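Asks: Residue numbers (the numbering used here), protein chains in the order written: chain A, 236 to 591; chain B, 83 to 313; chain C, 30 to 788.
Think of the hints as simulated: they come from the structure by calculation, not from any bench. There's no promise every hint is true.
What the hints assert, rightly or not - Facing chain B, from chain C, some residues (calculated, C-beta under 8 Å):
{"#": "1", "residue": "PHE353"}
{"#": "2", "residue": "PRO403"}
{"#": "3", "residue": "LEU404"}
{"#": "4", "residue": "ARG406"}
{"#": "5", "residue": "TRP407"}
{"#": "6", "residue": "ARG410"}
{"#": "7", "residue": "LEU526"}
{"#": "8", "residue": "ASP527"}
{"#": "9", "residue": "TYR682"}
{"#": "10", "residue": "LEU685"}
{"#": "11", "residue": "THR688"}
{"#": "12", "residue": "TRP689"}
{"#": "13", "residue": "GLY690"}
{"#": "14", "residue": "LEU691"}
As the list claims (entries may be wrong) - The following label-pair restraints were derived from C-beta to C-beta distances:
{"#": "15", "chain 1": "B", "residue 1": "GLY152", "chain 2": "C", "residue 2": "VAL749", "range": "34 to 42 Å"}
{"#": "16", "chain 1": "A", "residue 1": "GLY548", "chain 2": "C", "residue 2": "THR187", "range": "33 to 41 Å"}
{"#": "17", "chain 1": "C", "residue 1": "PRO192", "chain 2": "A", "residue 2": "LYS357", "range": "29 to 37 Å"}
{"#": "18", "chain 1": "A", "residue 1": "ILE530", "chain 2": "C", "residue 2": "ASP199", "range": "35 to 43 Å"}
{"#": "19", "chain 1": "A", "residue 1": "LYS357", "chain 2": "C", "residue 2": "GLY108", "range": "22 to 30 Å"}
If you're wondering where the values come from, they're calculated on a predicted model, not measured in any experiment. For each residue, glycine too, the CB sits at the ideal point set by N, CA and C.
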Amino acid sequence: MRRTMLVLLWMVLAGCSQEPEQAGFAGLAEGVNEGGQLSYLQPGPDTGLTFPEDLGPHPRHRIEWWYLTANLRTKSGEPLGLQWTQFRQALVPREAGSIPEPETWPLEAAWMAHAAVSWNGKHVFAERLARGDVGNAGAEARPFSVWLDQWQLESVSEDQWRLQVKDESFGYDLTLTINDQPVAHGIDGFSAKSDSGQGSMYFSYVDIAISGTVTFEDQSLAVKGRGWFDREWSSQFLKTGQQGWDWFALHLDSGDKLMAFRLREEGNPFVSGTWIPASGQVQPLDSGQLALSAIEQREGVPVRWRIELPEQGVHLELSAPPGDYTNQGLYPYWESPVDISGSHTGEGYMELTGYR
Amino acid sequence: MNQPVLEARDLSKTFASGAERIAVFSGLSVSLAAGQSLALMGRSGSGKSTLLNLFCGLERPDNGVITLLGERFDYREAGAAGQQEKRWARLRRRQIGVMFQEANLMPALSLLDNVRLRARLAEQPLEQCQTWLERLGIGELAERYPDQVSGGQRQRAALAMVFAMNPDLILADEPTGSLDRRTAEEVTAELFRLQAETGVALVLATHDPELAEQCQVTLDLAHGNQAGPAP
Amino acid sequence: MTLFAAVFSHYRRHPLQLAALALMILVATTLWSGVRQLTEQARTSLSQSEQVIAGREQVVRVDGAALTVSDFVTLRRAGLCVMPWLEVPRQGDVGLVIGVDPLAAACFGGAGGAFGNSQIRLEGEPFVDISEAARMARELPAAEPPPSLALIAAGEVTADAVPAGYRLADFSRGPDTGELGESFLLNLDALGILVLLITALLLRSVYRLGIVQRRDSFALLHRFGVPPAQIDRWLVVELLVLSALCILPGLWLGSWLAGLLGQGFGRSLEGLFDAPLYAAPGQWLAPAFTMMAVVLVACLADFLVPGAHRLAGSRGKGKLAGGFLVTGLVLALLSPSLVWVFVAVAIVFAGAGLLTPALINRLADRAADASADPLSRWRYRELAVMARQLALPVVALQFTLAMVLAIQALVTTFEDTFDRWLGQRLEAELYVAVPEGRSGEAAARWLTSQPELQTSGVWHRVIRGRGSVSVSGSAPTPVDLFALSPVSSLVTSWDLLDAEDDPWATLTRGEGVLVNEQLARRLELGVGDRIALEVAGQQLNLPISGVYADYGRPAGEILISGALLPEQFRPDFESFSITPGTLTRAELIRGLEAVWQVSGMTVRDNEEIRALATGVFDQTFLLTRAMTVLTLTLAALALLVMGWVFFTGRNWYFRLLATWGLSRREVAAQLTRLSVGLTGSVALLALPLGIWLTWVLVHRINPLAFGWSLPMAVYPGFWVELIGLSLLIGLGIALLMGRQLRAGAALPVSASSLTGGER
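Extracted from the complex, chain A is given alone in its bound form (with noise of 0.2 Å):
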């Protein structure tokens, strides 16, 4: 979902905005372009991460989301997914300072937030959008706050956030309490997105403990459970050729973690990914220590699929509880929750994007 629904937003929006096209200045990291317009940034290996800065907008740069998945059981121990992402669309570069005035209903960036539910077999799906600047969305990284209209994500404590939505069928008041320090994917938060070398900065917290209070279906449900947190921001869209998205973000019994996303193009996939060992040296992954496949489709998108890190001995198979889980937004794409078995038993999420 994460860079598919960006580029057509964008596309939507591209009747209100003069935006030049950038292809041909994609390997920039620096700089303004000739006619003195500010140029995107783009992320590369000597990035680096910046706390808490980095958890903050990020407007020089084309797109970014703050993504929460988690998996969570009802007080009868039923599970419960729950997903909340925001993403931000620049439409115009600029830095981050340089905030225009709401009264000119500025349109330099769309904002937009996606929360779901699935429980039950059911899944449910909102989807609200927003201009930046304007007020009713945005980000900020001290303190920590992410919001669009009434929805929002923010910082209760030093470790603590609070995580809120609220829609006409259903709806989430949570506490997130993060555990540990955030853990760069790639090399030092710069994730390779194919082999000609783009990418995006990627970090994630990947054990946070929540509980909290779901709406759903008239019904308020005490819940408890991890939840995965996801930053990402680039400049880039999908390559030429790319054709959709498969990620996963696993919670293994044994305290270990693993993120793989595989990027399908025609000829080779992209793949890559981040072990993340309940103990040890956090691992990035290439397509030489990770495979990914999918065993079984339910019309039409993979619901089951296997995941093979050989050096690790992790041989896992996922299967997506009976349903639909598509996201029925402006771009349809799948997120469900995912049971864990082979060598390791566990729980996780995955997203699909670009199938049917």
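Based on these hints, arrange chains B and C on the given structure of chain A.
Replies: Same frame as chain A, but now just chains B and C:
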């Protein structure tokens, strides 16, 4: 007859045809006394109508002199056209009766009103108009309109118009050309009868030799341009 | 030579006829499609905005203050689905755009919601992204009140969901003017159709004439073995080709005309009905086909309805005409709706159209019978023939003259009334707008402290904002609020439609309000009625002490003393009306600039505003005027062509007069008397029709279309001008004919078989 009603000397007339000029006639001379009748003969296109038009000033010759009822129109020198124009108009109004093959009547006026209009222009008494129609045998048709009577009756009305103006000269251009033989003979008879009665001079353009024979003089335009002067 | 060439060869010999046909199709298309484009555009705008806002509610502040971006943010963060809506006039262009936020609209729900993403196209017709609208708003001249932001609520928003400090209100951009906007457009449409009909008449007359002239060659072709049906087919093809060739440039010219007049038209629409004109794309196909159909029907009606023209004899025609006239007149008097008034006008025109040629014919015949002089008898008889043969263009000229006369009377009456009214409104010499963000209060204090102004000048401050009025517990009606402080002698000279003894004193004491005519009519209010006025959250309960006229402004207005305004009232716009007396204009401006700490304020003197207002007024009728003038030109031209052709057909007979001894000048004089006689009698017969049409416009159509009535006035001076114009047209025909006479005349085509049409 001490003075001819109409005298033409050395008339010539050409028409433009493309870049050339074609002579219709040249050096034509003719003379006509009161009470006399002259027939202009010739095929169509031989210049009969043109000559009639010259005799009443509706067209101008290229050269020559026309003397009509004592008025002299000298075309040998240029100029004075405007003056001639007015003199011709005066003559046509009072003294020259012109009659065409057809369409001699105003269609929106009754036969009587047509005669009255012609008489009024010639400053003749309007009371005589009905009498003229009666003399031509169409008195009971006086209130009819031209489209309500036959072609012969229309030409009779045209004759009434001409005679009601009490002219000195009548120029008739194929006056029976569009009538059937019998009607034509009747109308011609009326014309010659009234001409004799009134002593008016008559120039008659026709292609009909029988009709021409009834005139005292014949000028055949088809056979060259020789003047056939009055004896 | 192909058959088509043979059929078409007529126009090679008569290029003028072809040119006349082409010109008429072109001009008719231009006029009609131009007007149609404007009215369609207006109608689309009306329905578009109606559709978009139908049943919508907006969220407003309880304190009545203008909404800002932060209100939007507050409401959205409170979970309320609202969308910003900013209407901004286009500078130097037609109409208005609406700034919306498509992203905010997403929560309106795509299914069936008019704000679903798929239905908003940010292409400026009329929607643009709100950032663009905001930019346009910033570029508006400072003197214009800034466009105000509205926040539209999604259908699901309920009153109890609205946070404190806000409330739901009906969303309508302007006051409810009922059917007025539509009626105004209908008015213009009717005018357009009238023009179309007149041109169709003209077209038909010229075309039929050509057909009559071509009858002989058709007969010849028939003798050569061409079946008549094939000739007819070729005639249709010929007509189709001709109309296609003329309609397309006509449509292009029409859209050019619409563009030319659009701005003024948009302003009128906005000014009269608060109905904005959005930009809309021009249409091509429908008007092209309509025009094509009109041309075909006008020219080929005889093929379609064989023998229809022979149905009624002259006597039957007279009865028919009489019936039409009586029916139409009665209907015009009694009809309850605008559409029926138009039908009545159409019926009366049809009656007049049947009657006029017959009447001229009859009168001329009578005169002929009565005249002893054979020459004048001839002239009258010829006039009678002309009246019959030129019936179509004669009627067209009559209609056009009547239309011109009526519209002139209407516009002039408007102008006079408006001028008087404007004069009263513009008593002050100078008008100063308070710059945004500056204090009107401070300026008022400064003005009060100027001794020259106190002794020799007059001034007052006008504070403009919004309020709402309810009568005996009815739903509140939004009104434009004008607060005066002080109530100066600049306003006390207004003519009031209705008032108590000393309304201005009552107003000054804050014991009464004045309302405008529209509000009084709409709420059925009169002097002495009490109204509940809500201003910035405060309730005032006051009696009405007077009603003032408001020509052309449909918004409900209420005039109160500035002292009554509550603290928290936030004005939309403030200005000062000042007659400076001995204080010079320069001193005044310097003083106010110092108070406001600005340079280059907007100061207008009354002449400037008068010019501005008159300009807007003129624009309102520019379209009407342009149409009448063009139609008149067309009618004159057609009569000229037809007259010329008529005379050509009778050239032989007119030359008979010359043969009978009338000089060329005398013949020309006769012809002049004839043609001038015809156009003169047309003009005379157009007078009663025109006066009646004026009455219909003023007393029937105007109240239905504009919502207010004016006294009817007639302008005989203009009649004289029109008659003069008609005589000129007659002279033109005679002049053309005089030229014809000099060329030779052929014997009439069917002289040997007169058909009766000649007399």
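Asks: Does each hint fit the structure? Answer for all of them.
Replies: Structure-based check of all given hints:
Checking PHE353(C) against chain B by beta carbon gives a least distance of about 29 Å; that is not within 8 Å, so the hint is violated. Given the 8 Å rule on beta carbons, the hint for PRO403(C) holds: about 4 Å separates it from the nearest Cβ of chain B. Annotation: interface hint on LEU404(C) holds; nearest CB of chain B at approximately 6 Å, less than 8 Å. For ARG406(C), the interface hint holds, since its Cβ comes within 8 Å of a Cβ in chain B; the closest pair sits about 6 Å apart.
Hint status for TRP407(C): holds, given a least beta-carbon distance of 6 Å to chain B, under 8 Å. Contact between ARG410(C) and chain B, as hinted, is supported at the beta carbon level, the nearest pair being about 4 Å apart and thus within 8 Å. Look at LEU526(C): its Cβ only gets to about 60 Å from chain B, farther than 8 Å, so that hint breaks. The interface hint given for ASP527(C) is violated, since its Cβ lies 64 Å from the closest Cβ of chain B, which is over the 8 Å cut-off.
Checking TYR682(C) against chain B: minimum C-beta separation of about 6 Å stays under 8 Å; hint holds. Checking LEU685(C) against chain B: minimum C-beta separation of about 7 Å stays under 8 Å; hint holds. Interface restraint check for THR688(C): the shortest CB-CB distance to chain B comes to about 5 Å, inside 8 Å, so the restraint holds. With a least beta-carbon distance of about 5 Å to chain B, the hint placing TRP689(C) at the interface is held under the 8 Å criterion.
At a threshold of 8 Å, the smallest CB-CB gap from GLY690(C) to chain B is about 2 Å, leaving the interface hint in force. Of the supplied interface hints, the one on LEU691(C) holds, with its beta-carbon coming within about 7 Å of a beta-carbon of chain B, less than 8 Å. The hinted window of 34 to 42 Å between GLY152(B) and VAL749(C) is violated, with their beta carbons roughly 52 Å apart. Distance hint check: the CB atoms of GLY548(A) and THR187(C) are about 59 Å apart, inconsistent with the given range 33 to 41 Å.
About 32 Å separates the C-beta atoms of PRO192(C) and LYS357(A), a value consistent with the hinted range of 29 to 37 Å. Between ILE530(A) and ASP199(C) the CB atoms are about 59 Å apart, so this pair departs from the stated range of 35 to 43 Å. For the hinted restraint 22 to 30 Å between LYS357(A) and GLY108(C), the CB-CB distance of approximately 23 Å keeps it satisfied.
Hint compliance for this structure: hints 1, 7, 8, 15, 16 and 18 are not met, and every other hint is.
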